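Quick mapping for you: the protein sequence lines, in order, are chains A and B.
Mapping of the first sequence onto full-length UniProt numbering: residues 1 to 357, in sequence order.
Mapping of the second sequence onto full-length UniProt numbering: residues 1 to 293, in sequence order.
Please keep in mind that the hints were generated in silico from the structure rather than gathered at the bench.
Just so you know, not all the hints are guaranteed correct.
Calculated Cβ distances over 10 Å to all of chain B for the following chain A residues [as the list claims (entries may be wrong)]: (1) P40; (2) D45; (3) Y139; (4) W143; (5) N345.
For each label pair, taking beta carbons as the anchor points, the in silico distance ranges come out as [unchecked claim]: (6) B:R287 x A:I217: 26 to 32 Å; (7) B:V175 x A:S50: 49 to 55 Å; (8) B:T215 x A:K223: 38 to 44 Å; (9) B:E288 x A:L35: 40 to 46 Å.
As the structure is a computational prediction, the values presented were derived from the model and not from experiment.
Glycine included, each C-beta is placed from N, C-alpha and C at the ideal position.
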Amino acid sequence: MFYRLAGVYHTTYAGERKLWPVPADRWQALGVLALAVLAPLLVGDLYLSSYLLPWLVWTAAALSLTLLMGVAGQLHFGFAAVMAIGAYTAIHLTRAGVPFEFALLGAGLMAAVIGSLFGAAALRVKGLYLVMATLAMQYLVDWTIINVPAISGGAQATLQAPEVSFLGAPMTNGTVQYYGALLWAVILTVFIMNIKRTAFGRALVAVRDKDFAAAVIGVNVFKYKLLAFFTSSFLGGVSGAVLAFCYYEAVTPEQFSFDVSIQFVAMVLVGGLGSVIGAYLGAAFVLLLPIVLTNLVAALADSGVIAMSQNLQSHIPLMAYGGLIIAFLLFEPLGLAKIYDNVRNYFLVWPFQHTRN
Amino acid sequence: MTYFFELLINGALTGLMYALAALGIVLIYKSAGVPNLAHGAMIMLSAYFIYIFASMVGLSLWLAIPLAAVLMFVFGLVAERVLLRRMVGQPIIMIVMLTLGLDILLRGLAPGFLGAAPKSLNLGIGLAPIIVEGVFINRAYLYGAAVAVAMIVLSLLFFQTRLGTKLRAVSDDHVSSWSVGISVERAIGISWGLAGVSAVAAGALWGSAQGVDWTLSTLLFPAIAVVILGGLDSIWGVLVGGLLVGILGSVVPGYLDPLVGGGTRDVVTSLIILGTILVRPNGMFGREDIERV
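Using the sequences provided together with the hints, build the complete structure.
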């Protein structure tokens, strides 16, 4: 009924290669995009800057990690460090007078170069050992940022983002910041959606499925693993810079700690490994749910419905976050994207359920 | 030179206590092939249990610690049965994330109900250091190291017993063990339980050394360095790896920290992990698995 379709039948090659074979999907995506563009008119400033904006930035970061973990199958537990490199590079470049547009590129390149060092470990090991290696590198990057005053900005270890403008629009205005984040999220979404249709993306998928087998059919595993780390770190670095300029407006090392790395992995996994819509859903889930839950618990406790100590109140989001990660892995390992897919499949043929095979 | 020996000896003793924290990870990885990143939180949980029994209920330590050990043995069994058994055959990232989820859950749970402020756990070890030829030795670390060595030797002996032989068979090959009538599920469950018991020993000693709060779960990081260096499935590796990580993590920061402003211990630990993985991924005593397409 909603999709107005009797099935997906391809009659042309062009039709088969379409990004959205079902027209209703395309209209949905355009509708969501239109809503996102109009959001500053539709919702209040508070919701825009404290919910929508971080959601978009974190989605961009999750999408960058999706390229590495979902498409190329390389595990990365130090992605926050990569973003930190991007954020600090962008801030130092703009402070030195480099235009913001070029600072973003610089941030991406710097993150990509250092991020490829993480990839050097991936050339030697995989699986669990790669997790440990990237985890160790996260600590090294953290320590370097904190202990080199030239990077972290001295004793206070907080570095203000200077006032910059992107293509003439000042990046200190809340609406402009929102559009900046939206633009980056859309660019990344389009990029990741299309990557599997390129030779590069197919090579990455081959490496993910079995690297030895990929090598046998002529994929240069060495090159593509490194390229996967390079590309994904580039995107992650730019996302870090966007995060610093659009959301935090100042950077401290704690914003990119190991826990944040775990959050990114959780976003990618809870959303659904390798799915674009999963990155959006996963980011919303991991980022916004604790905030919503904190508010809910606080409201309940204040109104006297349930009695609980301040201490328990402050730990409930942590418990819920851990518990939900476990629940997702146990009950829906394919993540929120799979749940969305199930609903979509249901409505695709509704009300003619018997046509589903 | 006294300074060096002080760093060396105390580092070696701390290292043995790290080895005790790492023992649980090895016990589980050896039989189940699961990297248990929640072990830090299990150590924290054990320390909280001992604290509950000893300070809140008022039992003597001789009762509190065995009680905690029983509880943690059950906790290990349940965690394996309810969580990990469903994950058999899933990609490693799912299993790693599951144990991290458990880690986060426990880190919220225990301080949430018992208060986040650090609690002291008194094992009756005096605070005064032992002084040998001008070298100050931390008494808590000395007793801790002794217990650690005892526990590691005990687990080595355990693997010589009938049950231990079964566990060794399981760690070699699940399918072959099944075919000769060993219950692989039970063996894996038991190794989780034993890891819980080793977490109690680690929790008691570390809890008395640095207080009981959520930071005990950060022991995971040095413990990972120990198991990576020693080999993920080798108990001897834990002993040697622990000594090396402890000594390097004490001597290097002892000389470098004043120069660069602190925190080099984490750097040394990170470099040990990275160096081991890049040079010899399976560690010093780990088993090397050959992969085929």
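Q | Violations among the numbered hints | A | 3, 4, 9
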